[in-house]
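Asker: Residue-level listing of the chains:
There are 6 protein chains.
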Amino acid sequence: MRPSGRAADEMRAITIETGFTKHAEGSCLISFGDTRVLCTASIEERLPPWLRGKGEGWVTGEYSMLPRATHTRGSREAAKGKQSGRTQEIQRLIGRSLRAVTDLKKLGERQITLDCDVLQADGGTRTASISGAWVALRLAVQGLLDSGAIKDDPLTRRVAAVSCGIFNGTPVLDLDYAEDSNADADANFVLIEGGQIAEVQATAEGATYDEEGLLRLLRLARTGCDEIFKAQDAAVK
Amino acid sequence: MRPSGRAADEMRAITIETGFTKHAEGSCLISFGDTRVLCTASIEERLPPWLRGKGEGWVTGEYSMLPRATHTRGSREAAKGKQSGRTQEIQRLIGRSLRAVTDLKKLGERQITLDCDVLQADGGTRTASISGAWVALRLAVQGLLDSGAIKDDPLTRRVAAVSCGIFNGTPVLDLDYAEDSNADADANFVLIEGGQIAEVQATAEGATYDEEGLLRLLRLARTGCDEIFKAQDAAVK
Amino acid sequence: MRPSGRAADEMRAITIETGFTKHAEGSCLISFGDTRVLCTASIEERLPPWLRGKGEGWVTGEYSMLPRATHTRGSREAAKGKQSGRTQEIQRLIGRSLRAVTDLKKLGERQITLDCDVLQADGGTRTASISGAWVALRLAVQGLLDSGAIKDDPLTRRVAAVSCGIFNGTPVLDLDYAEDSNADADANFVLIEGGQIAEVQATAEGATYDEEGLLRLLRLARTGCDEIFKAQDAAVK
Amino acid sequence: MRPSGRAADEMRAITIETGFTKHAEGSCLISFGDTRVLCTASIEERLPPWLRGKGEGWVTGEYSMLPRATHTRGSREAAKGKQSGRTQEIQRLIGRSLRAVTDLKKLGERQITLDCDVLQADGGTRTASISGAWVALRLAVQGLLDSGAIKDDPLTRRVAAVSCGIFNGTPVLDLDYAEDSNADADANFVLIEGGQIAEVQATAEGATYDEEGLLRLLRLARTGCDEIFKAQDAAVK
Amino acid sequence: MRPSGRAADEMRAITIETGFTKHAEGSCLISFGDTRVLCTASIEERLPPWLRGKGEGWVTGEYSMLPRATHTRGSREAAKGKQSGRTQEIQRLIGRSLRAVTDLKKLGERQITLDCDVLQADGGTRTASISGAWVALRLAVQGLLDSGAIKDDPLTRRVAAVSCGIFNGTPVLDLDYAEDSNADADANFVLIEGGQIAEVQATAEGATYDEEGLLRLLRLARTGCDEIFKAQDAAVK
Amino acid sequence: MRPSGRAADEMRAITIETGFTKHAEGSCLISFGDTRVLCTASIEERLPPWLRGKGEGWVTGEYSMLPRATHTRGSREAAKGKQSGRTQEIQRLIGRSLRAVTDLKKLGERQITLDCDVLQADGGTRTASISGAWVALRLAVQGLLDSGAIKDDPLTRRVAAVSCGIFNGTPVLDLDYAEDSNADADANFVLIEGGQIAEVQATAEGATYDEEGLLRLLRLARTGCDEIFKAQDAAVK
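Chains as they are written, first to last, in my numbering: chain B, 1 to 237; chain E, 1 to 237; chain F, 1 to 237; chain R, 1 to 237; chain S, 1 to 237; chain V, 1 to 237.
Calculated directly from the structure, the hints in this document are not laboratory data. Given the structure is predicted, the values throughout are model-derived calculations rather than measurements. Check each hint, because a few of them may be wrong.
Treat identical chains as interchangeable: a pair holds within one or across any two.
As the list claims (entries may be wrong) - Subject to a maximum C-alpha distance of 20 Å in a straight line, what follows is the list of computed SDA-like cross-link-like pairs (lysine to any residue):
{"hint": "1", "residue 1": "82", "residue 2": "92"}
{"hint": "2", "residue 1": "151", "residue 2": "110"}
{"hint": "3", "residue 1": "22", "residue 2": "181"}
{"hint": "4", "residue 1": "151", "residue 2": "50"}
{"hint": "5", "residue 1": "106", "residue 2": "56"}
{"hint": "6", "residue 1": "105", "residue 2": "51"}
{"hint": "7", "residue 1": "80", "residue 2": "48"}
{"hint": "8", "residue 1": "22", "residue 2": "55"}
{"hint": "9", "residue 1": "80", "residue 2": "142"}
{"hint": "10", "residue 1": "105", "residue 2": "184"}
{"hint": "11", "residue 1": "54", "residue 2": "201"}
{"hint": "12", "residue 1": "106", "residue 2": "153"}
{"hint": "13", "residue 1": "80", "residue 2": "33"}
{"hint": "14", "residue 1": "151", "residue 2": "103"}
{"hint": "15", "residue 1": "22", "residue 2": "178"}
{"hint": "16", "residue 1": "80", "residue 2": "49"}
Can you make the complete structure from the sequences, with help from the hints?
Answerer: Structure (structure tokens):
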């Protein structure tokens with residue numbers, strides 16, 4: 001049924017290679033099948049001016065696709081001189097998702113930037129980004145704990161994200177590009193270990209769905225995120 | 001309980017003044033309480049180059065806040081030379097929401113742009129924008145039907161949007177600014193007459209919610225949108 | 001003679017609705033016939049860095065047209081990423097005109113920004129903007145006096161503006177769009193109560209005029225501004 | 001009285017050196033005292049898309065100050081990535097002024113761009129620019145006539161510009177920087193040979209003036225422009 | 001002597017992993033020690049407008065560093081809205097270097113873009129980019145030959161690049177970051193198989209060098225490029 | 001052989017007119033034949049924030065071509081809103097070249113900006129810019145010494161630059177536009193009085209050259225720079 005031959009509730013293979021770059025305080029190359037994203041966490045000991053003096057830190061995200069991450073080459077945003085609305089939407093989502101599991105007071109007056117650069121795209125780049133960013137953030141925070149820079153762990157819960165959609169009338173988990181470009185509805189779920197929801201973005205362009213459809217997608221997302229949590233867990237050990 | 005004294009499932013007063021500007025093919029000034037948005041629909045008989053030749057039209061949205069729509073003056077995006085990520089997110093949402101109820105083939109090779117300019121903001125500007133944009137679009141489409149430019153109505157369903165959130169632990173409908181800035185979770189629902197969902201954007205920063213919470217918010221949203229559908233209906237008659 | 005049937009020295013109907021938005025320290029919706037401009041005055045208690053420490057304040061203007069204020073939709077300056085030369089010219093004129101009647105020392109070290117956003121355009125948007133901005137400024141200054149923030153009134157004179165032009169060989173007052181787009185010459189006068197001139201911008205593209213013509217336009221402008229002064233007076237009482 | 005010792009109605013020395021650069025179809029270096037502007041006229045045989053097909057040409061202006069044309073170095077507009085409002089105002093004025101004396105139909109479907117680059121500034125850069133631009137334009141048009149590209153001269157009248165102002169209570173002609181920065185009022189007049197007015201821009205910031213003042217400034221401007229017309233005449237012979 | 005313990009004429013380990021991304025017509029991940037650059041070649045069957053109709057193709061380069069490729073995080077050029085002068089210099093160099101070995105006529109009317117994205121930086125990113133770009137280009141051209149799209153090979157020579165410098169008074173080959181940031185002089189050589197020079201960029205800031213010094217650096221570069229040619233050869237087989 | 005009839009090792013006529021503008025601390029108009037560049041040195045007594053507090057100064061360069069410096073008019077970078085890669089490359093080169101002969105510690109905490117604006121271009125604009133910038137810098141530094149602002153001369157050596165190339169198979173000195181646009185190779189040398197090299201930029205697009213070719217070009221450059229050093233010497237006396 002699915003172009004990839006996967007079952008409706010079957011994730012693509014997840015791999016997480018930590019320490020992919022040597023300079024960042026935390027980094028990993030995360031793959032959801034052929035989607036590959038390089039996630040790095042960079043700690044800066046000072047905050048931008050508008051965040052200073054509140055006794056707490058900040059976690060933010062940036063996102064980009066390499067021009068030839070995609071089937072046909074896209075133009076480079078730096079060359080065009082501006083980031084697309086899509087890029088800005090995604091990087092705002094990455095920041096919010098990671099802040100949902102970070103205690104900013106415990107982090108102290110420092111900023112951690114999560115850069116998610118898509119090396120290869122095959123659907124689900126934003127969800128792979130969030131899932132990988134957690135790993136990079138976990139590694140960076142561990143470094144702060146190990147060095148004694150902070151005492152209490154500000155990151156006690158995991159966050160992961162996955163896309164679901166209705167493809168040929170059937171709810172399916174973890175859309176790849178072939179499905180994503182033909183789905184009737186597309187939803188991204190950002191879930192927290194233990195059953196809480198951090199964010200739902202469920203969109204229908206043309207087709208729509210009802211309450212029951214939304215719930216079926218949410219339940220698929222839980223299945224997927226449970227698998228991602230395990231992969232994250234293995235990666236940071 | 002609510003700063004405004006409203007019941008948990010009580011909308012603010014909705015008013016829709018059609019024909020607010022004389023040049024646009026469709027226009028209205030929509031108010032959700034003190035939130036007031038001027039929505040205009042502009043028909044252009046040609047499509048941008050990348051949309052031509054497919055035998056169908058396009059519906060798109062633009063959004064802006066006047067600098068002093070808010071409690072303290074914000075800087076003017078035109079003066080800064082770029083639109084914020086928030087603005088771009090919202091205008092993409094307006095476009096998607098209206099396309100969800102428009103048959104682009106029946107529209108023919110023309111573009112309708114929905115400009116939503118917030119004159120005064122008190123929470124819920126994006127949901128008022130979508131709800132008002134439908135009215136402006138309906139009026140513009142009616143003009144095309146009346147003049148014989150198109151034969152079959154491309155807009156046979158209503159779309160409306162409303163925000164819900166968890167305020168002091170209670171799910172409430174149609175957040176105003178005082179609630180929005182202190183809510184534990186904030187969700188925007190774009191619903192279609194008859195029970196279908198066009199879009200859900202449910203966000204938690206810090207606090208989170210579970211499946212039951214999501215459903216309660218969705219049900220509140222239905223109540224709110226039913227009221228908006230009635231106001232839209234009255235306005236376009 | 002005139003498309004609108006007005007006499008050569010007849011203004012369009014002027015209406016000024018104060019308090020049009022609730023957040024601004026001063027605001028009005030001013031109409032010169034079908035031209036409608038929302039003017040707000042925003043007080044900020046700090047100056048931009050280059051104006052600090054001189055013991056005086058600043059008054060500045062910003063101007064914009066909503067994309068569909070005009071007969072055909074114009075593109076949004078925020079989306080294009082820059083303000084047109086016309087916009088910049090007009091907002092510089094608004095600032096200069098209001099500073100011509102403001103004692104900046106008496107204002108103290110604070111800035112007042114006059115935002116003039118054109119909701120509907122039918123000729124004369126810059127002159128309506130200046131005339132309405134005075135009302136918004138007057139209301140904002142009154143608030144400062146009432147609260148005791150300042151003691152001496154920095155705004156003791158009125159300023160108003162009106163366009164005149166030579167249409168079909170005849171000098172006429174307060175051009176509407178139908179006249180403006182066909183006038184041989186077009187002049188904007190910013191006048192101060194009591195007979196003084198703050199600014200003249202008289203332009204001929206193709207056709208030209210002589211000293212006598214300039215004087216006849218100036219005298220028409222006096223007639224028009226006297227009427228505007230009365231409307232301003234009624235509005236702020 | 002005047003810092004320079006000039007009489008109230010005395011222009012600074014005017015020099016016009018034609019052919020200052022070899023590539024342009026017309027060029028001159030014009031000096032009003034220490035103000036020196038390089039003016040070039042460039043003919044392009046095609047129009048920008050929005051001007052094509054009307055059977056007529058276009059004349060446009062661009063203006064810039066070299067960063068160290070002024071007493072203290074200003075930042076380079078190309079490096080900042082945008083032109084100031086002042087620059088845009090001036091280049092729009094240059095274009096309008098030259099179009100006021102050009103018969104665009106006789107010019108044919110070609111564009112002439114007048115670049116006015118200020119090498120040294122000492123007040124009156126915009127008026128020197130307009131006066132020099134006419135010389136460059138005249139030379140370029142002469143080339144078109146000489147080569148037979150056009151038959152009828154599209155430029156049969158001269159245009160010149162000069163600033164006047166009220167300095168220490170006295171109307172004076174051709175303000176230099178020392179006067180300009182202390183004048184009570186400042187007016188730029190663009191006049192056409194034979195007594196017609198192409199443009200008046202008379203501004204008062206703080207101080208103001210009355211009808212009589214405006215007329216006295218206009219008469220000074222006539223005196224000045226008559227002298228410029230002679231210098232233009234000598235230069236193009 | 002060298003921080004890395006390498007001999008003066010010793011390159012870092014070179015590795016080239018071809019096919020690193022699946023969408024590009026040619027790709028490799030090239031490493032010079034800890035410097036790692038992802039190079040992709042993208043074929044587009046149409047040229048930009050200004051290159052059309054000459055019966056020949058075009059090869060161009062783009063370059064970027066991921067924000068955390070470096071020791072401390074740099075800001076993202078797409079977010080700042082412009083590319084640095086350094087970035088533009090490097091991407092122009094990449095394009096020129098590859099065009100130096102490409103017969104554009106044989107390539108036909110198509111464009112190949114070489115994207116060089118630095119995943120990790122440790123000195124020599126531009127020279128690794130050029131060396132890797134040749135591999136990506138070779139693979140892309142091979143695909144055109146294999147598919148019959150072109151008949152004659154437009155790429156019959158190899159090009160490679162390496163940096164040399166004077167470190168502690170000694171000419172050394174292939175500077176890493178520790179050397180680069182302390183070198184007295186820094187030179188990048190782009191060499192062509194067989195002894196020809198495509199480009200020399202030799203810079204001294206503070207210290208300088210003489211003719212003999214330049215020659216010694218050039219000879220070191222030959223040694224280095226011979227080694228790179230072998231690695232390229234092995235990679236594309 | 002050469003279009004200009006010059007011998008292979010013959011420079012164009014060099015003229016340097018100092019004091020070309022009155023406001024700059026140092027200025028000259030330098031000509032290499034028909035190439036004419038206005039160079040000014042501007043002293044600012046404060047550094048940009050990122051250079052402060054190191055007890056030393058900074059020397060930087062900016063470069064621009066007037067739109068009609070060239071055979072056909074180029075668009076104005078300020079109007080396009082960004083500087084080309086070529087412009088940025090050249091202005092970085094100007095800054096590096098002048099810093100190579102300046103002792104920044106002796107300069108003290110001040111910045112000198114060298115603006116090089118090309119009034120007329122006929123090949124070799126970057127090398128004329130560097131050679132003229134040295135004169136402007138020398139004059140500005142002399143003013144600092146004369147006023148006692150600094151005690152020790154930070155500028156004890158001369159720097160000059162010249163282009164060489166291979167034209168019709170022969171190495172030639174000081175390419176003009178007719179040669180530059182047809183040369184097989186093009187090299188810019190920045191040399192320091194006494195035989196040292198500050199920078200070499202030798203480029204081949206299509207054709208290439210070998211070690212012997214590079215040396216022959218370097219020796220021509222020495223001949224040329226010796227002549228420029230003499231002209232600089234005469235100018236600043």
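Asker: Now look at each hint and say whether the structure bears it out.
Answerer: Against the structure, the hints:
1. 82 x 92: Both, since 16 Å and 16 Å are each at most 20 Å.
2. 151 x 110: Result: close within a single copy only, 14 Å intra versus 44 Å inter.
3. 22 x 181: Between copies only: 19 Å across chains, 36 Å inside a chain, cut-off 20 Å.
4. 151 x 50: So residue 151 and residue 50 fail the 20 Å test inside a copy (25 Å) and across (33 Å) alike.
5. 106 x 56: within (7 Å within a copy, 41 Å between copies)
6. 105 x 51: within (12 Å within a copy, 34 Å between copies)
7. 80 x 48: Result: close only across copies, 15 Å inter versus 26 Å intra.
8. 22 x 55: Neither: 30 Å inside a chain and 34 Å across chains, both beyond 20 Å.
9. 80 x 142: neither (38 Å within a copy, 30 Å between copies)
10. 105 x 184: between (42 Å within a copy, 18 Å between copies)
11. 54 x 201: neither (31 Å within a copy, 29 Å between copies)
12. 106 x 153: Within one copy, since 7 Å is at most 20 Å while 51 Å is not.
13. 80 x 33: neither (30 Å within a copy, 32 Å between copies)
14. 151 x 103: within (12 Å within a copy, 48 Å between copies)
15. 22 x 178: between (34 Å within a copy, 15 Å between copies)
16. 80 x 49: Between copies only: 17 Å across chains, 28 Å inside a chain, cut-off 20 Å.
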